[in-house]
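Please construct the entire structure, taking both the sequences and the accompanying hints into account.
Listed below, chain by chain, are the residues.
There are 2 protein chains.
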Amino acid sequence: MIQNIRFGECINSPYVKPKRVFYTERGIEKSWDVVEAHDSVSVLLFDPKKRAFVLVKQFRPAVFLKGTSGYTYELCAGIVDKPGKSLEVIAQEEILEECGYSLSIDSLERITSFYTSVGFAGSRQTLFYAEVEDSLRQGEGGGVESENIEVVHLPLLEARAFMLDEERPKTPGLLFAFMWFFERHPKNFF
Amino acid sequence: MIQNIRFGECINSPYVKPKRVFYTERGIEKSWDVVEAHDSVSVLLFDPKKRAFVLVKQFRPAVFLKGTSGYTYELCAGIVDKPGKSLEVIAQEEILEECGYSLSIDSLERITSFYTSVGFAGSRQTLFYAEVEDSLRQGEGGGVESENIEVVHLPLLEARAFMLDEERPKTPGLLFAFMWFFERHPKNFF
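These protein sequences, in sequence, are chains A and B.
Residue numbers for the first sequence follow the UniProt record's numbering, so the first one is 1 and each next one is one higher.
Residue numbers for the second sequence follow the UniProt record's numbering, so the first one is 1 and each next one is one higher.
Be careful, since some hints might not be right.
To be verified - Cross-link-like lysine-lysine pairs, in silico, DSS-like; alpha carbons within 27 Å at most:
hint	chain 1	residue 1	chain 2	residue 2
1	A	30	B	57
2	A	30	B	187
3	B	19	B	30
4	B	66	A	30
5	B	19	A	82
6	B	30	B	82
7	A	66	B	82
8	A	66	B	187
9	B	17	B	49
10	B	49	A	19
11	A	66	B	50
12	A	85	A	57
13	A	19	B	17
14	A	57	B	17
15	B	19	A	19
16	A	19	B	85
17	B	19	A	17
To be verified - Computed footprint of chain B on chain A, listed as stretches where at least three residues anywhere in the stretch have a Cβ under 8 Å from a Cβ of chain B:
hint	stretch
18	80-94
19	102-108
20	132-146
21	177-189
Since the hints were derived computationally from the structure, they do not count as laboratory data.
Each residue gets a CB set at the ideal place from its N, CA and C atoms; glycine is no exception.
This is the structure in structure tokens:
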């Protein structure tokens, strides 16, 4: 489905803004190259009736460059680039756009936040949890415009094997979110 | 300890290499801006005698730019930039350089791998686990050259509160590694 990949110069990108930071630490002059990246939100979605996590699968050029197929499994997520909108509202919009579910803000549970790629980017991601079901679907999901986001229902009973399967690229945020879910449910839930 | 922070242009950085990727997906021509980033290794270090995790704390300019102090708590880690060295050897070297422990390769347990910042970077990180103790210390740690890496012993009994404390910036890989550790130990271990 992916063809004709080639590379070009990346000048004045609105998404990737390299910067050289100069500073003095304990009297020693230093510099460090960073990328200014947008903060983001992500949501662990679980469908109790289907007993499945709802994930998104999409082509990520940066992961393709690492010699993989480029298709990653991720939590529903989006960047924080809309001034004046709360993290919860952005999460709510991403759940509808990417996965097709219309949820109330109240159904979002905030788990925690963390910083990704601290070596060169330091983007802050806030992680939420929400439960969904078919009756809340108001669309197909798949993203906006020409995004090709596939909605994947991962059965709870397959989640452990999925975590160990390194052929299916995934993020550490997804791995943490799954562990968070496992821990808050009794063993006999599974 | 950090003073005199200012910014400059980032041209021909050996660390941050922006690239524009062009490709055709399902017949639609697309482009995406990425940063080519090094792969990395990280190690969850645990000292059974001290009953403490061994973490590193350091100043991260990219995280400072997000309005924090810039000091993050991380697993011992390093980039994969030494051709011909295995991930295990690189991990072993980082454990010595950053934390001062001399470990055999055999003492490294591979946990899994994942991809960070898949939206724009897609760096692959391989996560290990190892146990350490004072008798294995061969140096102070702290990093090489002018790195200012502080070695932090986090008591196991404080790890839960630490995970929830968003005032102390941390990575999702650290959060996942802690959960992995908690799950493999019986409740009465804590």
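Structure-based check of all given hints:
| no. | hint | in the structure |
| --- | --- | --- |
| 1 | 30(A) <-> 57(B) | 17 Å, holds |
| 2 | 30(A) <-> 187(B) | 45 Å, violated |
| 3 | 19(B) <-> 30(B) | 14 Å, holds |
| 4 | 66(B) <-> 30(A) | 19 Å, holds |
| 5 | 19(B) <-> 82(A) | 25 Å, holds |
| 6 | 30(B) <-> 82(B) | 34 Å, violated |
| 7 | 66(A) <-> 82(B) | 16 Å, holds |
| 8 | 66(A) <-> 187(B) | 39 Å, violated |
| 9 | 17(B) <-> 49(B) | 43 Å, violated |
| 10 | 49(B) <-> 19(A) | 43 Å, violated |
| 11 | 66(A) <-> 50(B) | 39 Å, violated |
| 12 | 85(A) <-> 57(A) | 26 Å, holds |
| 13 | 19(A) <-> 17(B) | 11 Å, holds |
| 14 | 57(A) <-> 17(B) | 26 Å, holds |
| 15 | 19(B) <-> 19(A) | 15 Å, holds |
| 16 | 19(A) <-> 85(B) | 30 Å, violated |
| 17 | 19(B) <-> 17(A) | 11 Å, holds |
| 18 | 80-94 | violated (count 0) |
| 19 | 102-108 | violated (count 0) |
| 20 | 132-146 | violated (count 1) |
| 21 | 177-189 | holds (count 4) |
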